[in-house]
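Chains as they are written, first to last, in the working numbering: chain A, 1 to 347; chain B, 1 to 347; chain C, 1 to 347; chain D, 1 to 106; chain E, 1 to 106; chain F, 1 to 106.
Simulated from the structure, these hints should not be mistaken for laboratory data. One should not assume that every hint holds.
Facing chain A, according to a computed beta carbon distance under 7 Å, are these residues of chain C, among others [unchecked claim]:
(1) ASP31
(2) LYS34
(3) GLN147
(4) GLY194
(5) LEU210
(6) PRO219
Calculated pairs, BS3-like style, for lysine-lysine (alpha carbon to alpha carbon, straight line, at most 30 Å) [what the hints assert, rightly or not]:
(7) LYS8(E) / LYS99(E)
(8) LYS248(C) / LYS23(C)
(9) LYS151(B) / LYS248(B)
(10) LYS99(F) / LYS8(D)
(11) LYS248(C) / LYS151(C)
(12) LYS218(A) / LYS218(B)
(13) LYS218(B) / LYS218(C)
(14) LYS8(D) / LYS99(E)
(15) LYS54(A) / LYS218(A)
(16) LYS54(C) / LYS218(C)
(17) LYS8(E) / LYS99(D)
(18) LYS8(D) / LYS8(E)
Which stretches of chain D does chain F cover? Using the computed rule of at least three CB atoms under 8 Å from a CB of chain F, they are [as the list claims (entries may be wrong)]:
(19) 1–10
(20) 71–85
(21) 89–96
By construction, the Cβ of each residue, glycine as well, lies at the ideal position given by its N, Cα and C atoms.
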Amino acid sequence: MLSNLMIPAVLFFGLGVLARLVKSDLKFPPDLAKALSIYLLMAIGLHGGVELAKADLGAAINAIIWALILGFAMPVLGYWLLIVTRRVSPLDAAAIAAHYGSVSAGTFLTAIAFLDTQGVVYETYPLIMLAVMESPAIIVGLLLAAQARQKVKLQAGGNGAAAMANGNGHGNGHGNGEDKIRLGALLHEAFTNGSVVILVGSMAIGAMSLPGSMDKLKPFIDEIFMGALCLFLFEMGMEAARRLGDFKRVGALLAGYGVVMPLIGGTIGVLIGHYALGFGVGGTTLVAVLAASASYIAVPPAMRLAVPEANPSLYLTLSLGITFPFNVVLGIPLYHWMASALAGTGP
Amino acid sequence: MLSNLMIPAVLFFGLGVLARLVKSDLKFPPDLAKALSIYLLMAIGLHGGVELAKADLGAAINAIIWALILGFAMPVLGYWLLIVTRRVSPLDAAAIAAHYGSVSAGTFLTAIAFLDTQGVVYETYPLIMLAVMESPAIIVGLLLAAQARQKVKLQAGGNGAAAMANGNGHGNGHGNGEDKIRLGALLHEAFTNGSVVILVGSMAIGAMSLPGSMDKLKPFIDEIFMGALCLFLFEMGMEAARRLGDFKRVGALLAGYGVVMPLIGGTIGVLIGHYALGFGVGGTTLVAVLAASASYIAVPPAMRLAVPEANPSLYLTLSLGITFPFNVVLGIPLYHWMASALAGTGP
Amino acid sequence: MLSNLMIPAVLFFGLGVLARLVKSDLKFPPDLAKALSIYLLMAIGLHGGVELAKADLGAAINAIIWALILGFAMPVLGYWLLIVTRRVSPLDAAAIAAHYGSVSAGTFLTAIAFLDTQGVVYETYPLIMLAVMESPAIIVGLLLAAQARQKVKLQAGGNGAAAMANGNGHGNGHGNGEDKIRLGALLHEAFTNGSVVILVGSMAIGAMSLPGSMDKLKPFIDEIFMGALCLFLFEMGMEAARRLGDFKRVGALLAGYGVVMPLIGGTIGVLIGHYALGFGVGGTTLVAVLAASASYIAVPPAMRLAVPEANPSLYLTLSLGITFPFNVVLGIPLYHWMASALAGTGP
Amino acid sequence: MVDLYPEKLISIITTSALEERLVRIFRERGTSGYTIVPARGAGSRGEQSGLDFDANILVKVILPADRLDPVLDDLKRLLGRGHHLTVFVSDVAVITPEKFTRPFDL
Amino acid sequence: MVDLYPEKLISIITTSALEERLVRIFRERGTSGYTIVPARGAGSRGEQSGLDFDANILVKVILPADRLDPVLDDLKRLLGRGHHLTVFVSDVAVITPEKFTRPFDL
Amino acid sequence: MVDLYPEKLISIITTSALEERLVRIFRERGTSGYTIVPARGAGSRGEQSGLDFDANILVKVILPADRLDPVLDDLKRLLGRGHHLTVFVSDVAVITPEKFTRPFDL
Ligand SMILES: Nc1ncnc2c1ncn2[C@@H]1O[C@H](COP(=O)(O)O)[C@@H](O)[C@H]1O
Ligand SMILES: Nc1ncnc2c1ncn2[C@@H]1O[C@H](COP(=O)(O)O)[C@@H](O)[C@H]1O
Ligand SMILES: Nc1ncnc2c1ncn2[C@@H]1O[C@H](COP(=O)(O)O)[C@@H](O)[C@H]1O
Ligand code: NA
Ligand code: NA
Ligand code: NA
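All chains, full assembly: derive it from the sequences and hints.
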């Protein structure tokens, strides 16, 4: 299990964390991380598209359905957990929960690097699931936030109305009309999100392209992929460590949430991967990673827009500073171990 | 012919257009497009240089001469067409025409990807022509603008002089003295243009380098080329679609110009490629692409400087929003078909 | 020897210089150079790490010791030379000297490209020396500056104190207390410098990673390396030429220093490489390059912070505008020739 | 002496996620244009590193004093909904006042 | 009419190497935040190209007038040590004055 | 109290293609320097996306009030030739007035 830590991708993540901990002046150009994530999504999408062209339609639809179930159920579960433990306001809870319903492509790719190194084969369907799961959680997050606002308003009574009036007569924007407009915008945002467009688009292109013409793309997709992933994780390690420092601000209990959620998600994912989808150890591990990981690229801007009242430093600290490192270092080998155990005892 | 649409490069262009049409929030870092275009010019230049080292001097000079003829004649033709149809002011006409005399490296590279996929071989001389044709149109554009200004001044009479005087006594800068200074600057600009420097420089380096030392560069030039082109066209698809929206501002007739000019240019190019240069189907197609494509990288900044009175949203909409997509999707296979037809009936 | 000039990497450097000399409008996005230098350090570090895992510990320690000796001695020598010739203020001298004690990774990589092209093998130890030598010179620079400030204060007497008082009562910050604080900060800066983190981190990762997992990184490290180096040197050629223009500002004698220092350093390096370290022609050449080259990436920001009184245009002109081109074009083949001569007559 | 005419400059620092929303306001309120610069920083909710998902923008709009209030009203409305915007207004002088009266068309 | 309240805006142009030093000043002096924009330029020591090792930053801090002097004092101290900073102060008006009294926590 | 001295700040928003032309003006008019920030935006001629061939710059120059007019004259001349520049002048206060009287040398 320790061998996970000896993969270059994970080691570069650690180097990034270390660089920040020793307060190195190392800085990546902000656009480099963006360029790398565009490349990584494109490469994984093309790769998946080629495979999916050969895939079984029934199995693909099954995977999509379970991805939707996960994408809708995880944030509801996550929201409920937060409300029950009463650590954050309902609106913060809605925004945080949305992150856990969505996925982290960086974690997913690290898991693939892990499986490759271990020589474990895996199904391609989790890749469609990755694309599918980017969006639903954003919608659930918005619905939860609308409900939370309603609750806040009821609690606050005339009080809240006064505060709203402050907003120059426009403040009463949280009525149903407003929310409907926003839901439309959000649905649009959820499905035309940049990551979704690259991933789904590249998958379609990979599936549609003439085989000969894809050959020329192969080295771009395959050969520099691992290096680009290492660079990306290097940078993300620095970002994660920057957020780790906000740990104290978040509080121990909430920080614990950042570890408990992936454990719950990972367990659910392993069960779905194994029993519901019938995947092997590799595919099951990937489903677990999808359920366990929290978005930190697509969801934060969506929440800034849709739930501006929520505090970004809460959700970024949890998803990027706690859950992401946890999954990269401990979660992935753990889910793999769980998947193996299940496969050993399973049908 | 539809098979063109199944090339990943073209599909990524389409994905970019689509991303913008569905109003996705996808954005590439502006510097990524710049970095990709530097890389693409460098790679194509090195590649061409190696080939050209083995080329025939006479044929090369012949290609250069025809490139110059095209570069000078196309903008004159384009200007005349615009003036005749009276859709834009003479200065706008001069600036637009300059774009059509120059070339689009992105279109050229897409054509190469198209020919490669079809297994069509092509001569290397069009590459020198690409480098040669970057510049002359800029000069012609300036000369046409100078003439247009003269015309405007004559028409406006004392009126114009008053408007100039407004400019605090310095306004009478459009006299011959000024224009001469600007011509010098423009000639300089035309020949030291960034794209020209990379392309010609890389060609020279490719031709001069010791063969052994070029081997180490091969993977960089060859293997990631197609992927980088896909990324570049992805981004350019988004830019093209952004301009396409300005379609209404340009007007239908002028938009038609953006389709007619490449058709005229492509036809002329096919004839020159086949009869004057004696190229095969591949080379002839490439010459057609050179004549048919309009610059949208090198020429716009040059026109902003040299013909500031012209409206950039006109020439960018035409070259980037209309002619570029037309060529990538329909033009290239059409010119290829024309070249094939000619070759079938030719000598 | 001229064959050095026929390496693409060197030719691209020349193309960059030329582009600036003809005043081309070519500009690289600033972040591209940064991204390339991150990649180059990562690739060379990983490469070295894999090799070093197989290396001899005693030899490695010996190399480190000599790297430290060079790193501490070269700036002292450089400072003394500047003070003796009295061309610059003591603080400028301290800042300049620090650059010559450190190293230029760009020059080092060009030397490797040169050796590769010539088919000369080389030891891997110089790579550790590269990592080690990034830092000590910064510390020596700070110590020299502290001493210089003391000297200036003594010379200026009450005069200086008055000037300081100007600084609103905080101005007397150059006392020992301040310097101690700054020394701590500088030591930290020296060892957590971004370049050091990437280089040492990548070396460690290369050495620690499971062999199988490194295979996936190979193409990223090896195949696009030369191309990335060419792009980097292209950009650095432009930067060097921009500084070359400051030649007149620096004065002929000081400019001469930019050529004399690498000659002295190169000679010392060849002697150490051959006699003290017992390296072959390749390794000896690389040690010479380490001693002869001057930092222009890591040290300038450190000097801006630590010796703000010194003029950056002096040290950037010398290290980037004079010594860097000298080494790339003439120095490397010269040191190689010296190393060969010594090997021919040596033990 | 060059003639100078008074105008107002609104500067807004906020998350890049709000860019489209702001542009819509400028269009609706008929400003003659706007300018955007990428930024990072820190404020009441920690550091904003400038990475894609955590980037700021600095937005500048010049407009005649009599058109200031409608834009500020819209910005207040965004603030009222919980969005974080750092807004400040300065007095500036321009040489081409007519330029800032023509709405941009996009 | 939207109410506007006077504040001060400090703008600083300097080398990116000083960023941490400046942020420390802002934290110690209790500003409510700061904003940084990458820049290049030229001045008394030649051109600063914006390349990593030779980059400038443009820093903006809004703060109440009565908190101006401590920050300017610290900047003067940096100037006194030989650092190059282009510092300028402007009068601005804001719609949310209370925002600029709460120190950012980082 | 820290002493503050009045200066003028010229801000220019225009296409990056004009950068060299502007720098020449600043050199000829003896400003002590200039600062450039990459920008994008929209105006009378549509959107300027910030891509290489369609990028804006935001230029800042601080200078003594008595040197303002020559620079503005030159900018008006550019405007007169058809170039698009958004120019605005603000009053600023500085702590090192002598700095802005020494021409930069480049
Ligand atoms: N006092 C300030 N001066 C300048 N920029 C600020 C200030 N306060 C906040 N900002 C900027 O506004 C962003 C959001 O801060 P806040 O609105 O406090 O959450 C920060 O990331 C800063 O870029
Ligand atoms: N008068 C000025 N106006 C605007 N920016 C300036 C001015 N003088 C200097 N700068 C900026 O400050 C940096 C350092 O210049 P200096 O402090 O003169 O060494 C330059 O690179 C410019 O970015
Ligand atoms: N009112 C305005 N406020 C801020 N920036 C503007 C304004 N009008 C124009 N600009 C900027 O100036 C550029 C050119 O616009 P224009 O001069 O109107 O063609 C635009 O791309 C914007 O960046
Ligand atoms: Na998840
Ligand atoms: Na053409
Ligand atoms: Na050295």
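*If you check each hint against the structure, which ones fail?*
3, 20
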